[in-house]
Amino acid sequence: MTPLTACLLLSAILFAIGLTGALVRRNSILVLIGIELMLNAANLNFIAFWRYGPHPEALTGMMFAVFSIAVAAAEAAVGLALIISLYRHLKSANIDEVTSMSG
Amino acid sequence: MLFTIFAIVTVAGATAVICLRNLVHSVLALIVTFAGLAVVYLLLGAQFVGFAQVLVYIGAVAILIVFAILLTRNTGADVRVSIDDSWVWSGVVVAGVFAVLAWAIYHSSVSHSATLAQPATTTQQIGNALMQQYALPLEVIGLLLTAALIGAVTIALREQKEAR
Chain A
0 MTPLTACLLL SAILFAIGLT GALVRRNSIL VLIGIELMLN AANLNFIAFW RYGPHPEALT
60 GMMFAVFSIA VAAAEAAVGL ALIISLYRHL KSANIDEVTS MSG
Chain B
0 MLFTIFAIVT VAGATAVICL RNLVHSVLAL IVTFAGLAVV YLLLGAQFVG FAQVLVYIGA
60 VAILIVFAIL LTRNTGADVR VSIDDSWVWS GVVVAGVFAV LAWAIYHSSV SHSATLAQPA
120 TTTQQIGNAL MQQYALPLEV IGLLLTAALI GAVTIALREQ KEAR
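So the sequence lines, in the order shown, correspond to chains A and B.
With numbering that gives the first Met the number 0, you'll find the first sequence wraps up at 102, consecutive numbering, no jumps.
With numbering that gives the first Met the number 0, you'll find the second sequence wraps up at 163, consecutive numbering, no jumps.
These aren't lab readings, by the way, just hints derived from the structure by calculation.
Small disclaimer: the values here were computed from a predicted structure and weren't measured.
There could be a bad hint or two in this list.
To be verified - In silico SDA-like links for lysine to any residue, alpha-carbon gap of 20 Å or less:
1. Lys90/A / Leu70/B
2. Lys90/A / Met100/A
3. Lys90/A / Ala155/B
4. Lys90/A / Leu69/B
5. Lys90/A / Val30/A
6. Lys90/A / Val65/B
7. Lys90/A / Arg72/B
8. Lys90/A / Phe66/B
9. Lys90/A / Ile154/B
10. Lys90/A / Leu156/B
11. Lys90/A / Val77/A
12. Lys90/A / Asn21/B
13. Lys90/A / Ser101/A
14. Lys90/A / Thr1/A
Can you make the complete structure from the sequences, with help from the hints?
Laid out in C-alpha cells, this is it:
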C-alpha cells in the first residue's frame, strides 16, 4: 500500500464515520459534528494529493485546504447559531421534532 | 509507522464521537480526532495546515460546539437511542458510500504512482502565494467570514428580541 493509498483510505474511513454520525444520531449538534468530520476527511484528501501529486510547488492543494478550513469555520458558526435559534423555538435539540415543514 | 499510529488514534476518536452518549464526551473525543488529523498533516509535511487545524478546529470549532451544548442545556445523556428502520437504511447508505470510495481508491492509477520526495514548503511561500496569486480568493474568504459572523449573531439574537 502506497502512502497516498493509506491517506485516501484514512480519509474514506473518516468520511464514512462522519456520514454515520450525521445519519444515525438524532441530536442536531452531533449531526453538525458529523458534517465537520466529513469536511476534515475532504481536507485530508487535499493535503494528501498536494503531498503526493506531480506539482507540490504550485501549492494548489494546500491553498484549497486552507480556504476549506476557513469555510468550515464559517459553516460551524452559522450552523450552531441555527441550532441555538431552533432550541429557543422548540426547547429541544432533537432533529426528529423539527417537523413544521413536513407535509 | 507514525502515520499508522496517528491514523488509528484519529479513527478511534471519530468512532468514539458518534458512539458516546454524553455530548460533552463526544466533543472531547472530537478534539482527539482533530489533534490526530493535525499530526497527520504535520507528517505529510504541511506544517501551516497542521497548525491552522489546531488553531481553527481545536481552538475555535470545538469551543464553539461546547458553548452550543452549554446554551442548549443539552448533554444528550437523557435521550434514549433506539435501533429502528432508519439505522438500517443509514447503514446501507454508509456501506455503499464507503464501498464506492474504497473501490475507487484501489483501482485508481493515482494510488500506484511512485512516491515523490517531500516538498520543502515554508510558511513564507504560502504567505507569498496568498498575497499574490490567491489575493482575490483571500478577500472573498474575508467577506464570507464577515457575512457568516453577522449572520450567526443575527440568527442567534432574533428570538431574544421578540421574547422581550
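Hint by hint, here is what the structure shows:
1. Lys90/A / Leu70/B: 11 Å, holds
2. Lys90/A / Met100/A: 17 Å, holds
3. Lys90/A / Ala155/B: Measuring from Cα to Cα gives roughly 14 Å; hence the hint holds.
4. Lys90/A / Leu69/B: 14 Å, holds
5. Lys90/A / Val30/A: Roughly 17 Å between the alpha carbons, so the hint for Lys90/A and Val30/A holds.
6. Lys90/A / Val65/B: Given that 20 Å is the threshold and the Cα spacing comes to 18 Å, the pair holds.
7. Lys90/A / Arg72/B: With Cα atoms ~10 Å apart, Lys90/A and Arg72/B stay inside 20 Å; holds.
8. Lys90/A / Phe66/B: Holds, at roughly 17 Å.
9. Lys90/A / Ile154/B: 16 Å, holds
10. Lys90/A / Leu156/B: The given pair, whose Cα atoms are some 16 Å apart, holds under the 20 Å limit.
11. Lys90/A / Val77/A: 19 Å, holds
12. Lys90/A / Asn21/B: 19 Å, holds
13. Lys90/A / Ser101/A: 19 Å, holds
14. Lys90/A / Thr1/A: 50 Å, violated
Taken one by one, the earlier hints fail for this structure only at number 14.
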